[in-house]
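**Student:** My request is simple: use the sequences and hints to build the entire structure.
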Amino acid sequence: MQIYLPIAELSVDVFLLLGLGAGIGFLSGMFGVGGGFLMTPLLIFIGIPPAIAVATQANNVIASSVSGCFSHWSRGNVDFKMGGILLAGGFAGSTIGVALFALLRDLGQIDLVINLSYVVLLGTVGVLMLLEGTRALLRRRRKVGPGKLHAHTWLHGLPLKTRFRRSRLYISALLPFAIGFGVGVLSAIMGVGGAFILVPLMIYLLGMPTAMVVGTSLFQIIFVSANVTFLQATQNQTVDVVLALLLIVGGVVGAQFGGRVGAKLPGDTLRLLLGVLILGVALRLSLELVVRPEDLYSLGIPG
Amino acid sequence: MSPAVRPSARALVVCLLVAVGVTVPARATGLVADLSSHLVAITSGFAGADVLLFGAVDGPGDVVVVVRGPERDQPVLRKSNVAGIWMNTARMTFERVPSFYYVAATRPLEEIAGEPVLRANQFGVERLPIAAPAARAGGRAAEEWRAALIRNKRREGLYVGEPRHVTLLGQRLFRASVHLPANVPTGLYRAETYLLRDGQIVSAQTTPLSISKLGLEADLYAFAHERPAAYGVIAVLAALVAGWLAHLAFRRS
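Just so you know, the sequences run in chain order A and B. Per our numbering, the very first residue in the first sequence carries number 1; after that it's consecutive. Per our numbering, the very first residue in the second sequence carries number 1001; after that it's consecutive.
Misleading hints may appear alongside valid ones.
Unchecked claim - Listed below are the simulated EDC-like cross-link pairs for lysine to aspartate or glutamate, each with C-alpha atoms no more than 20 Å apart in a straight line:
| id | chain 1 | residue 1 | chain 2 | residue 2 |
| --- | --- | --- | --- | --- |
| 1 | B | Lys1213 | A | Asp13 |
| 2 | B | Lys1079 | A | Asp106 |
| 3 | B | Lys1079 | B | Glu1143 |
| 4 | B | Lys1079 | B | Glu1144 |
| 5 | B | Lys1079 | A | Glu294 |
Bear in mind the hints are in silico, worked out from the structure with no lab data behind them.
**Tutor:** Below, the structure is given as structure tokens:
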């Protein structure tokens, strides 16, 4: 059954979209990630214009982050002070990101930038996860304990030191602000919540307790993606609510089942699988960049 | 014939002429044409549509049917390889390009009329008056850009040339089925029907065709473009509520 997407101005099979939402929802439930980094490329593969895929996915991310954040909040696993500073950076970053998006779109380079950002980021994260996953597997066999948790570097010498009670940290507020800013820019350009970058940075760079990380990052992501959605809607008119709604419905159902399967698999195996998946998407996207296109010419958006 | 009968016969003829005159434009002698529908509505189930163009001619001849979409400025982008990556490096904007063009005829166009007639009436995708701005490109480069525009439009199903696609029934009735793909641009279209004899146009008729979004789709599109801030707020709120509902559903199970 075809449905016409009013903003994308094309018709797509309803069940394809619901299935896509459910599939990504399943994976996100299983791996505990938002899944935006998989959804946006897939939307582009099925023919949704990249600009609309990115903006609509930001809308979709709000829904999945809200439901996730609520359950972490009820367990007291959200550091609002840390989240607030990340958020301030995120707001600034995503606002600049959306403006950059509009500029690149006018220049006709937005598709390239979206594609390149995905290849670089997914490639890096995928390789790191694979390395980390294999190392963890080996470590489990050799029974070697983990390394030191808090290494002191120049990052701890930055000004504006602030105490974060919930996370039991005393670090410069500039650090979470900068992280929030960077992820905010990416969130606007790539249509992702950015948890897959935010979470490792919060664990390894800030040294936050793992239990706090997921809830706090979700808290920040809700507001940053709300900001991205609003700005994309006002500046670029690229948010397709019909598309977003279909993806949300599929995603909610899929995440239910994914969560159950994920709970049964060991963490190391999960991380390895996720790493393979991320690398696969990165490879598929990089092919589009390096293989000579069938037609060197393409049509821009008519004025 | 008695003179008493004549006035009533004349009245009948006048009546018939008036009745015919309502449906036939005065200048289109020898040709009547109409569309199966003058409004194509793009609604939530829209996956393309077929519009039937049909009519009658008063004798043998060739029929050419042209359907044109609204004119727009169309940019074309060209990729080239920069450091191993294919990226858009050049851009050319063609002004006032038909967003949709369909041509069909009873025979291949070249057999129906000579090149000057075909060109003057823009019969055939290749004869559309599309030209790159002279200041930007000339000669072979201009031709390449133009060919690229037409090739891409064809690939999207928005430029269609189908010789022999107009079928004649008993030398009098004709019909042609015009396919509008799902990505058809909205706006006011023009369906032109021409009757040609001995390579010359003897009759022509133009029928308007409106393609527009209707219902929820139209409202959403208009809302998103006319009141983007309100649209953005509603999109965010809808997602928040959906996420909250999902949370409630999760908690119960």
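**Student:** Are the hints correct? Go through all of them and say.
**Tutor:** Hint check:
Distance check on the hinted pair: Lys1213 of chain B and Asp13 of chain A sit about 19 Å apart at the alpha-carbon level, within 20 Å; holds. About 16 Å separates the Cα atoms of Lys1079 of chain B and Asp106 of chain A, which keeps this hinted pair within 20 Å; it holds. Taking the CA atoms of Lys1079 of chain B and Glu1143 of chain B, the gap is near 17 Å; set against the 20 Å cutoff, the hint holds. For the proposed pair Lys1079 of chain B and Glu1144 of chain B, the alpha carbon gap of about 13 Å is at most 20 Å, so the pair holds.
The suggested pairing of Lys1079 of chain B with Glu294 of chain A holds, with an alpha-carbon distance near 11 Å, which does not exceed 20 Å.
Comparing the model with each earlier hint shows no violations; every hint is respected.
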